[in-house]
Every structure is written in C-alpha cells, then in structure tokens.
Amino acid sequence: MKFLPLLFANLTRRKVRTTLTLGSFAVALFLFCLLVTIRAAFNSGIDAAGADRMLVINKVSLIQPLPIAYREKLQRVPGVQDLTYANWFGGVYQDEKNFFAQFAIDADTYRTVYSEFIVPPDQWQAFLADKQGAVIGKATADRYGFKIGDRVPLKGGGFPGDWEFNVRGIYTARRPSDDLTQFWFRWDYLKEKAPPWFANQVGWYTVRIAPGSDAVKVAKSIDELFANSAWETRTQTESAFMASFAEQMGNVEFLMIAIGSVVFFTLLLVTGNTMATSVRERTGELAILKTVGFTDASVLALVMIESVLLAAIGGALGIAAGKGFTLLGDPTKGMLVAFYLPASGVAAGAALSLAVGVIAGLLPALTAMRLQVVDALRRL
Amino acid sequence: MALPLIYNFESVRVRWASTVVAVLGIAGSVGVFVAMLALARGFQAALVSSGSEHNAMVRRAGATSEMDSAITLEQLRAIEDSTEVMRGADGPLVSPEVVVVAALPLAKTGTDAMVQLRGVSLKALAVHDKVKIVNGRFFTPGLFELTVGKNAKNAYRGVAVGDEVKLGGTVWKVVGSFDAGGSAFDSEIWLDANLLNATYQRPTGIHQSVAARLAGDDAVGALERRFATDPRMKVRVERETDYYKRASQQMTTFITVLGSLVALVMALGAVFAALNTMYSAVAERSREIATIRALGFGEGAVVLSFVIEALLVALAGGIVGCLAALPLNGLVTQTLNFQTFSHLSFAFRVTPEVVGWGIAFALFMGLVGGLPPAVRAARVPVVVALRDL
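Protein sequences, first through last, are from chains D and V.
Each residue of the first sequence is one higher than the one before, starting from 280 at the first, in the working numbering.
Each residue of the second sequence is one higher than the one before, starting from 730 at the first, in the working numbering.
No false leads were slipped in.
Derived pair list, reagent style DSBU-like, types lysine-lysine, alpha-carbon separation capped at 35 Å:
#1 K837/V with K859/V
#2 K895/V with K470/D
#3 K338/D with K974/V
#4 K974/V with K434/D
#5 K499/D with K895/V
#6 K879/V with K376/D
#7 K837/V with K496/D
#8 K837/V with K499/D
#9 K470/D with K963/V
#10 K472/D with K963/V
#11 K472/D with K434/D
#12 K837/V with K376/D
#13 K376/D with K852/V
#14 K861/V with K895/V
#15 K902/V with K861/V
#16 K376/D with K974/V
#17 K338/D with K902/V
#18 K376/D with K338/D
#19 K852/V with K895/V
#20 K338/D with K879/V
#21 K895/V with K352/D
#22 K852/V with K434/D
These aren't lab readings, by the way, just hints derived from the structure by calculation.
Please work from the sequences and hints to get the whole structure.
See the structure below:
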C-alpha cells in the first residue's frame, strides 16, 4: 500500500501517453461490448425461446397457412397442454422503412402460451373489449410515439386495404432477450375483414407441452396426424425454429470472433509497446530503486501492477460506456428485436482486459526485474 | 523550405516496433470497414442486377413484395395487349410468375432454409435475358422438372443436375442449372408455373408478378398512365431495377449501420494508437527537432514533416487493411432477405470504389492522429531542447 504514491506518480508521469493507453483500452472494451450485444441480438430468439413451446408450421414453409380446423385436432394430441395460433400480417405503417412485426393473435389463448409478456390487466380487458384493439411492444410504442387510445393506420400487404387499429395496451416482458417490437391485434378481426380466400387460415400454431412429456414424441405424433393431408405440418421446438432462422442470417458468430481477435491483438501490441517504452525511459529510476534495496520481485510486481491497473481502469471505462450505449437503444431502427448487453459479456470483457494487462506487462516487467544495477547506473 | 522525405522514411524505420503497432491498428479498422462495405455492396449488387433497365414489373397495388402480390388472368391479358410491351417471335415478351417459398436443407449445416421456387413459362428466358442455361437444359413445360440457379445448387443439399427432389409431395427431377450473373435469381429454383400452382394448391390463373420487356425507354411511364385510368388494373408498375433496389434497401442499411458503427469504434482505437506512436516519436526526438529548427527550418516545415510521417504510417495501414480484405472479393455468402422472406446467396464485392474509401479512411485516421503531435513538435523551444544535449 505504501507504494501507491509511486505507482500513481509513474502513471501520471506521461499524462498524454497514459490517457491514450487508457483510451485504447476503453475503446477496445466498448467495441467488445458492442459485438457481444450484436451477437445477443441475433440469438435473442433462441435465448428467449420457451423450453416447453413448439411451433407447428406448414411443411412447405412458414409462408404457407394451416387450416383453423387443426385447432381441435391438435388439442387432442397427448402431451399438448395449451395452444394458440397467429398470423403474420405484414402491413406497412406510413412508409415501408418503418418495419415492425404485426401478428393477428388469438386473444383468448396467446398469453397463456407466451407467458413472458406482461400487459396490465385493465389494458388487456380493454383489448378484449375492442375488436379493433391492438397491443404494442414497448420498443415499438416508444419508437413511433404510440400511446394508449391512439388510432394506428396500417396499409395491408398480404391483406389488401386500409386497416385501422386502436392502441389498447403496451406490453413489456420479463427478460431482456424478449422481443418488445411486436404489434398484436385480434385474429377474429382479421378473419372478419380479410378477403374471402382467407377462409379460416392461420399462419402457425404454438403448442405448450405438458410438463414431463417428451417434445420429440409430441412433435412426431402431431406430424403423423396430418401426414398425407393437403396441409402437412412440421413441428419443431421454438428454439430449433429460431436457430434455423439465425442460421439463415449468416455466420454472425464467426464475424464477431474475427473482429474481436483483431482488436484484442492490436490492443495487446499497443499496451505492450507503451509499457516497454515507459520501462525503457525509467531504466535509471529502476536501477536506483534496486540500489536502495528493492528486491527483483518487488520491481517486477511494481511494473506488473502498473500495467494491470491501466487495463482495469481502461476496461472499466469501456464497459461502462458500452452499457450506456446499449441503454440508448437499437441504432438500426427496429431491425434488431432485442438490444442489450448480457451480464456474461460484462464478465468476459473484464476478464479479457485483465488478461491483456498481465500479458502486455509481463515482458517489460521481466526486463525491469533482470536489470543489472551496475550496467544501468553507468548509463546515467 | 520543406524537410526531405527520406528523413521520414528513416525515422519510421528506426522506430519500427511502434510503427508496426500503429500500422496494424489502422489496418484492422480499414479491413473491417472495407469488408462491411463489400458485404453491403455485394448484397445490393445481387438484387439490383436481378432487374433489367428494359423490363417493367407489375404487381398488385399496395403489395410490399412479390410474396403478397396477385395478378389475375384478365390483368395479365391487358398487360400483354399493351402497346408499350415489346413483341417477340412468339407474341408479347411477358413473363407471368408465381413464387412459393419452400424449405430445403442447407448443404453446410443440414438445417432447413427457405428457398424461392419461381414458377415461370418458357418466355421467362426471353424476358430475363441475363439468365443463361449453363448445364443440362431448361425444364419442359408440363413435366415435373426443375432448373436450379447456380448459387442454389451449391447452397442446398441434393439439387445437383440429375438429382430427384421431393417438393410438396411430388418428386421433381433436376434437369439443368442456370447462371443469372450473380443476381438473386441464382438463389432460386425455376419450374413450370402451372405445376407449381397445382402442387401447392394455389388458385389457378393467379400469378404474383408479371415481368414485361418494354418497347422503349419511356414506356414505364406510359404503361403506368394507361393502367391508372383502367378500373380493372389495380396494379403497380415499376421499372424492375427500382423494385430490386427497394427490396435490398432494408438489408443494405442494416449492414451499413452496424458495420460503420464497428469500423468507427475501431477507428477511434486506431487513432489512439497513431497518436501514441507519433507522440512518443516526438518525445524521443526533441533534440533532433531542435537541431533541425536551429538549422533554419521553420515551424511549418516541421509540422508538415510530421504530418507526412503520420500519413505514411496510415497509408501503409490502409494498404495492409485493403490487402487483407481483398481475398473476400467474390466469396459467396448467404443471408436471409427479410423483404422476400427467403434465403439469398451473394458475393462480397471489393470494388475499386470500396478500396478508395478504405484508403481515404486510413489517411483520415493518420491526419487526426498525426496533427496534434506534429504541432507539439513544432512548438519545442529550440534553446531548452538543445540544452538537454
């Protein structure tokens, strides 16, 4: 502890250099947080997927519908506890650039299956009472300034015409990975207003399996039930469904790791170089320290602590900035459904910056330790 | 009078260790920047090149993409009869098309991805004249045969020429593959529109979009005006290139925003590295600088010399970064196009323009990182610095 003033003096001896090194650390860790956040955003669907939920879609593809008559048949499949259904609406709010997902949901069952979404009870009652009602995720509501009672016009894509909805509720969710961008309205309203060809179609069913039942077996019995019908199904767990989506987005994982390694390698070079220069400059001082009785080990410790201290301060600054940035919200305007920094990312960032501090300080510290007093003092 | 350039080269060489750090820092951010730009350009190019300047695309008014559009037979006849549409040997050059998205396993992972099946007629090849059969032949109308785009052939399992594929409960035979010049069509599978409708229980006689070869350059406007006054034609007429440009917009913006953000943060880090390098260069050389000043070189000459040195380092970084990103050129990658809900293959495009931006970005970093140390160098008081000798 008594060496603290010495450490401090060393760090402030070249203020510009210390600031810049701290800055490099902060920037690198900020970037790390950003990458972790992007990765989390791409995988949010998988992270948020309910372990006991399965999606039943048309075997051809998600775009093809399923008949509403499957509802009763699905309910009788052993292992199916709850089920709900929804349709993709694909309407446009004012301009095609304003994208958010709109689902026509079965108001009676949707929240039993998707229990992570929170809607205040009075708002939910208002939604149930209004056929043209809509419940909007908080992120989308904030983005477009939708308030309860507002009328929201949507131009139909797959369902032609002008549609109008009354905002009756704003939903939030329990976990940061949950999607707060959706726009829900009532499936019975879609059915009422849709053109005749629509004829009781639903986009997909979501079933919740009973505790203790085997997901694979339930999926198999569902698909066998509808095999060889005009609308064959494909049933998979929600996380498998989301994973196949993420898979199609491309190899984001690899991209993140590639960028991250380049950045940390550079950071290692920058810090190592700074520490080496500062030890070189202080050759005389270090020799004097040794002359007055500092052991090799304490000189080593002094340089190492300085390097790790730089890493810790810089890293903390970067992580704090990263956290602050993610709190500002999604910079792509709604294309990422969740934008948050996971706690595991913070921990990994802290560990990484300390590791860089240790590795970067090691070589200069060893040089300082091996310094021969006689040689060094001769150079003074 | 300016200092000779050789002085800068020498000083960069002497301080090679910290120079390497600065060069790598700049190279890293330029590399990421160039890669992101190349990705966005490649995506855009794949979609835009799908369209032709000479074609119009007709969809239902209000449809956001081909997926949710519908064109009736009556409307199709009206398009065919329009004088703005070019006529070929077999009548008007009009290609009515149907699109169905089906799931096929990816070659790489085995998981299902969404592929676009485009139901067309023989006229499709005449209207989309960039599409060339490279292997086998085009499908025969009325037979359960498929023609596969070159990227689709590589991206999915079991769709090579000669393979049999089960789609919608029917077995189809792959009889040929086509090259559409890297456009979105290359990610598609083409087949007989009528059979596609029958297989997927779609209403017969309803198409999703109609591509028409235009008789003249201003024919799009004329066609639009003709249909605007026709109550049967609730359609939207667009030049094909415009449609595809819009279809790529969302994704291009997405890649550009995220990519620029990452590159910008990296650039900040690189500027710090450059500043550090140049500041220590100045600190270590205060006697040298004082000597130069004592010889009669002015402050301006010293500033210029240090800025040139920083730019040299940045240029080296820029070149290394661009070279590192260059092998990406032509690399085919895939992503999901949200506007059509299907999987699309496209190639990175490291164009000279992209490289130019990369180099400019590097030089900018060099300037920002080199100017403050250069000013400090020029301000070194000659007498004080020389006394240190």
